[in-house]
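Please construct the entire structure, taking both the sequences and the accompanying hints into account.
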Amino acid sequence: MLSRSLSKGFSCIAVAAATFGFALTSAAAEQVNIYSYRQPFLIEPVLDAFTDETGIETRVVYASKGLVERLEREGRNSPADLVLTSNTSNLMQLVDEELTQPVDSEVLEENIPAQFRDEEGNWFGLTTRARLIYASKDRVKPGEITSYEELADPKWKGRICTRSGKHPYSLSLIASMIAYHGEAKTKEWLEGVKANLARKPQGNDRAQVKAISEGVCDLSLGNSYYFGKMITNEEEPEQIEWAKSVNLVFPNQDDRGTHMFISGAAVTKHAPNRDNAVKLLEFLSGEQAQYLYAEKNFEFPVRPGVERSELIQETMGEFKEDDLSLTEIASYVPAASKLVDEVAFDF
Amino acid sequence: MSKQESAMGSSPSGRRWFWVVLIVALLVALPVLSVFALAFFPEENIWPHLWDTVLFHYIGATLTLSLGVALCTLVTGVAAAWLVSMCRFPGRRFFEWGLLLPFAVPAYVIAYVYTDLLEYAGPVQQFLRETFGWQTSRDYWFPEIRSMGGAIAMLSLVLYPYVYMLARAAFLEQCGSIRAASRSLGCSPWQSFLRVSLPMARPAVAVGLSLVLMETLNDFGTVDFFAVRTLSVGIYDTWLSRGNLGGAAQIACSTLVFVVLLVTLERMARRRQRHFVQSPGAKRDYYVLRGGRALAATIFCSLVLLGGFGVPTLVLLQYALGNFASYWTDDFLSIAGNSFLLSSVAALATALLGLLLAYGKRLASGNTVRALVGFSKLGYAMPGAVMAIGVIIPLAAFDNTLDDFARRYLDTSTGLLLSGSVFAILFAYTARFLAVSTGAIESSLDKVTPSMDRASRSLGRNSWQTLWAVHLPLVRAGILSGAIVVFVDCMKELPATLLLRPFGFDTLATYVYQFASDEMLERSALGALMIVLVGLLPVILLSRAMRGRGDDTEEKPAEVAELPTTAAIG
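Quick note, the sequences are listed as chains A and L, same order. Take 1 as the starting number for the first sequence in my numbering and just add one per residue. Take 1 as the starting number for the second sequence in my numbering and just add one per residue.
Bear in mind the hints are in silico, worked out from the structure with no lab data behind them. Glycine included, each C-beta is placed from N, C-alpha and C at the ideal position. Among these hints, one or two may not hold up.
To be verified - If you want the ones that stay clear, here's a sample from chain L, every Cβ over 10 Å from chain A, calculated:
#	residue
1	L118
2	L198
3	S334
4	G374
5	N400
6	R457
Stated by the list, open to error - A few chain A residues that face chain L, going by a derived Cβ cut-off under 7 Å, partial list only:
#	residue
7	R59
8	N77
9	L292
10	K296
11	S337
12	A344
This is how it looks when you write it as C-alpha cells:
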C-alpha cells in the first residue's frame with residue numbers, strides 16, 4: 001500500500017521532471033557539449049569556426065579543477081560529449097576512470113600521427129607545445145645554456161624563475177626527467193634547480209618572462225606559445241617589451257630533444273551527442289582548425305604538413321622534439337609530484 | 001542553562017523542534033558528510049609522505065596567515081569601531097557606514113589590483129625609478145606584494161569589517177553608566193576602554209574574529225595568487241596533482257578541527273554574555289577629539305577605507321571606463337542578473353533555514369541539538385571546490401536513482417534534475433553560508449528574554465505562533481543582517497560556482513576570474529566593479545539599519561530593540 005502510493009508519487013515527480021527536461025533539450029538545435037580545462041580565449045576562435053561551418057552549436061563549461069569528478073558522478077546522464085584538456089594527465093585520468101569511449105575515425109587517424117593519440121582511440125592530441133628555457137638577452141650569452149640538466153648548475157645561483165613545481169607543466173617536465181634519469185638523479189637535479197631559484201616559485205609562465213625583463217632573474221621555464229601571445233599582445237603592449245627581453249632556448253637539441261606535451265580531447269562514455277562530438281574532433285584535427293591553433297595560439301599543429309605560423313617560423317624555426325611516449329611520461333607524474341614535496345620545491 | 005529551557009526541551013513541542021533541527025541540519029550537512037565519506041576511501045595514504053615532507057610547511061603557513069590576519073583585523077576593526085562609536089571627530093558620520101564598504105570587495109580582486117599597482121612594472125615603482133634614477137630591481141628594495149605579508153594585508157583589508165561591525169554594535173549597546181562609573185573611580189579613558197569596554201565587547205569581537213578566521217582558512221584565490229602555500233593549497237595539490245581526492249578530503253576534514261576549535265571558542269565567549277537588553281542607556285558621553293588627535297582619527301579611518309575600498313575601486317573604475325562600451329553588453333547584464341538572482345535566493349533560503357535551526361535550538365535545548373546546529377555550520381570552512389564535489393555526490397546520486405526508476409517503470413529519462421541545474425549552485429551556497437545566517441539569528445534570539453516565550457505560551461499560542469508573532473518581529477534585524485552578509489558572500493563565491501555551473505551559465509565571479517587569471521585585469525574590471533556595486537546595496541541597507549543608534553538613542557527608543565541584532569553574525 002505504502003509502496004504503491006510512494007511509487008505513484010515518484011512517478012508524478014518523474015513525469016513532471018521529464019517533461020521539464022524534455023522541454024529543455026528539445027529546444028536546443030544540433031549541439032555538442034564540452035567540459036573544458038582549456039581557457040576560453042584559447043579555444044573560442046576555433047569553436048566559432050566550427051559552428052560557422054557546420055551549424056552545430058557548442059556549449060562549454062570551463063573550470064580548472066574537478067570536471068573529471070563531475071563527469072564521473074553524473075554517470076550515464078551526463079550532458080557532456082567532449083572533454084578538452086591542456087595536458088596528458090587529465091586524458092590519462094579520464095581513461096583510467098573509464099569515462100571515455102573509443103572513437104574509430106579514418107579522418108582522425110589520418111590527421112593525427114600515432115604518437116599523439118591513444119591506440120584504442122580513447123583520446124586524441126590536438127596541438128603540441130614545447131617547454132622552453134627563456135633566457136635574458138642582456139645577461140645570458142647565446143649558447144650559455146643548452147639543456148634542462150644545466151639548470152642545476154651552481155653558476156645559475158639566484159638567477160632562475162619558475163612557476164610552482166606542482167603545476168601540470170612543471171610536473172610533466174620533471175616526469176620526463178625521471179623517465180630518462182631515474183628518481184634519485186632527478187631529485188638531485190631538482191634540488192639543484194631549487195638552490196638556483198631567484199625567488200619562491202609563483203605566477204604563471206608569462207609572469208616569469210616579465211620577471212626577466214625586470215631584472216629579477218635571468219632564466220625561466222615556460223611554454224612556447226606564451227612567447228607568441230606576448231610578442232603580439234596589442235591590448236597590453238608592455239608584454240611585447242617582456243618578450244623582447246628574452247631569447248628562446250630549445251633545450252637538449254644535441255640529445256633527446258625538447259620536452260613536448262599536448263593538449264587534447266576525449267569523447268565521453270555516455271556522450272548524448274556522440275556524432276557531433278566526433279565531428280568536432282575531426283574538425284579540430286582538420287587543416288583549418290590546426291591552422292587557427294597555430295596562427296592564433298602559437299601552438300604547434302599535430303597534423304603534419306600544416307604550416308606553422310609565420311611568427312613561429314621566424315622566432316622558433318625547426319627544432320628537435322623529444323618523442324618519448326606521452327603515456328610513459330604521464331605515468332611518472334605522481335612520482336614527480338612526490339619529489340617536488342621532498343625537496344620542498346615550492347617553499 | 002536555565003531550568004526553564006530544559007523544561008521546554010522535554011515538552012512535546014520541544015521534541016517536534018528537535019526533528020526540525022535534525023532534518024535541516026542533516027540536509028545542509030550532506031555535502032560535508034559526503035566529503036567525510038570520501039575521506040574513508042583515499043587512493044593511498046598520504047599522511048606519511050606529507051608528514052615527512054611539506055605538512056609542517058603548510059601548517060606553518062596557515063598559522064602565520066591566520067595569526068597575522070587575526071591581529072590586523074582585530075586592531076583595525078576594534079579601533080575603528082571605538083573611534084566612530086565613542087569619539088567625535090571630523091568625518092565620523094561618514095566613516096560610520098563608510099568603513100563597511102570594503103566588505104563588498106572580494107579578496108582575490110583586491111589582490112589582483114594591488115599586484116598590478118605595486119609590482120615592479122606598476123605605476124608606483126615606475127614612479128620611484130624615474131624619480132631616483134634607479135635602473136633595475138637590483139638597485140633598490142621594495143616590499144614584495146606577492147608574499148605572506150601581502151596576503152595578510154589583502155585579507156585584512158577586506159575582512160576587518162566583520163570585526164568592526166560586531167565591535168561597533170557591542171560598544172553602542174554598552175551601558176554608558178558603567179563606563180561613567182569606571183571613570184569616576186579614577187580610570188583614564190584608556191584604562192576605561194581596556195578594563196571595561198573592551199572586555200564587555202569581547203564576545204562580539206570573538207564572533208567577528210571567528211568569521212574572519214574561517215574566511216581566511218577557506219581562501220584559495222589570494223594565497224594561490226601570492227604563492228602562500230596554506231593547507232588549502234595542500235588540499236588542491238593532493239587532489240589534482242596526486243590524483244587523490246580521498247586524501248584531499250582527509251586534509252579538508254582535518255582543517256575542520258581548526259574550525260570546531262574556533263566555533264567552540266566563540267560559543268564559550270558568548271556563554272558568558274547572558275545579559276538581555278535593558279532599557280536604553282542614559283545619555284551617552286562622548287570623547288570629543290580635538291587638534292592632532294582628531295586629525296589622527298580621521299587619517300586612520302581614511303587610510304583603512306582607502307586601502308580596502310577607495311584604491312581598488314578607483315583602479316577598477318579606470319580600467320572599466322577605458323573600454324566601457326565594448327564590455328557593457330547584453331551578455332554582461334544577464335551575467336550580472338544571474339549573480340543577483342542566485343545570491344538573493346540563497347540569502348532567502350539561508351534566512352529561512354537559519355531561523356528554523358536557531359529557534360529549534362532555543363526550544364529543544366540539549367547537547368544533541370547544539371551539536372547538530374554546530375555541525376550544520378561546518379560547510380563554511382570547507383574549501384569551495386571540495387565542497388562542490390561534496391554537493392555533486394548526493395545530488396547526482398539522487399538524480400541517477402530517480403532516473404533509473406523512471407527509465408525502468410516509465411520508459412523515460414529524467415536526466416540530471418538537480419545536479420545538472422542551477423539548483424546545485426544554490427545548494428552549495430546554502431550549505432556553505434548557512435553558518436552565517438544561523439549565527440546571526442542565534443545571537444539575536446539570545447538577547448530575547450525567555451520570559452517572552454513563557455508569556456506568549458501562557459496566553460495560548462503554540463511555538464510556531466509564538467515564533468511568528470513574538471520572535472520574528474524582535475529578531476527581524478538579525479535575520480536581515482545575516483541575509484545581507486550571505487548575499488554579499490554569494491556574490492563573491494568562486495570555486496564552487498566555477499565547478500557546478502551548467503552549460504552557458506556564468507556569474508560575475510566566474511566572469512572576473514576567467515579574465516583576471518590570464519592577466520587580463522582590464523577586461524575583468526567591469527565585472528569586479530559590479531560585484532562591488534551590487535554588494536554595496538546591502539551594505540548601505542545594513543548601515544541604515546545601524547544608523548541613528550550612535551548619538552540619538554533617546555530620540556529613537558523604538559529601535560533599541562534592534563540594536564544588539566547587528567551584533568548577530570556568527
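These are the hints, each one checked on the structure:
At roughly 13 Å from the closest C-beta of chain A, the C-beta of L118/L stays outside 10 Å, upholding its exclusion from the interface. Interface exclusion of L198/L from chain A stands, the closest Cβ pair being 38 Å apart, more than 10 Å. Against chain A, the non-interface label of S334/L holds: every CB pair exceeds 10 Å, the least being about 15 Å. Non-interface status of G374/L relative to chain A is upheld: no Cβ of that chain comes within 10 Å, the nearest being about 28 Å off.
The beta carbon of N400/L sits about 5 Å from the closest Cβ of chain A, which is not more than 10 Å, so the claim that it is off the interface is violated. Listed as a non-interface residue, R457/L keeps its Cβ farther than 10 Å from every Cβ of chain A; the least gap is roughly 36 Å. Taken as an interface hint, R59/A checks out: its beta carbon lies about 4 Å from the nearest beta carbon of chain L, inside 7 Å. At a threshold of 7 Å, the smallest CB-CB gap from N77/A to chain L is about 5 Å, leaving the interface hint in force.
Taken as an interface hint, L292/A does not check out: its beta carbon lies about 19 Å from the nearest beta carbon of chain L, beyond 7 Å. Checking K296/A against chain L by beta carbon gives a least distance of about 14 Å; that is not within 7 Å, so the hint is violated. At its closest, the beta carbon of S337/A sits 5 Å from a beta carbon of chain L; the interface hint therefore holds under the 7 Å criterion. Because the beta carbon of A344/A sits about 6 Å from the nearest beta carbon in chain L, less than 7 Å, this interface hint is met.
In this structure, the hints that do not hold are numbers 5, 9, 10, in rising order.
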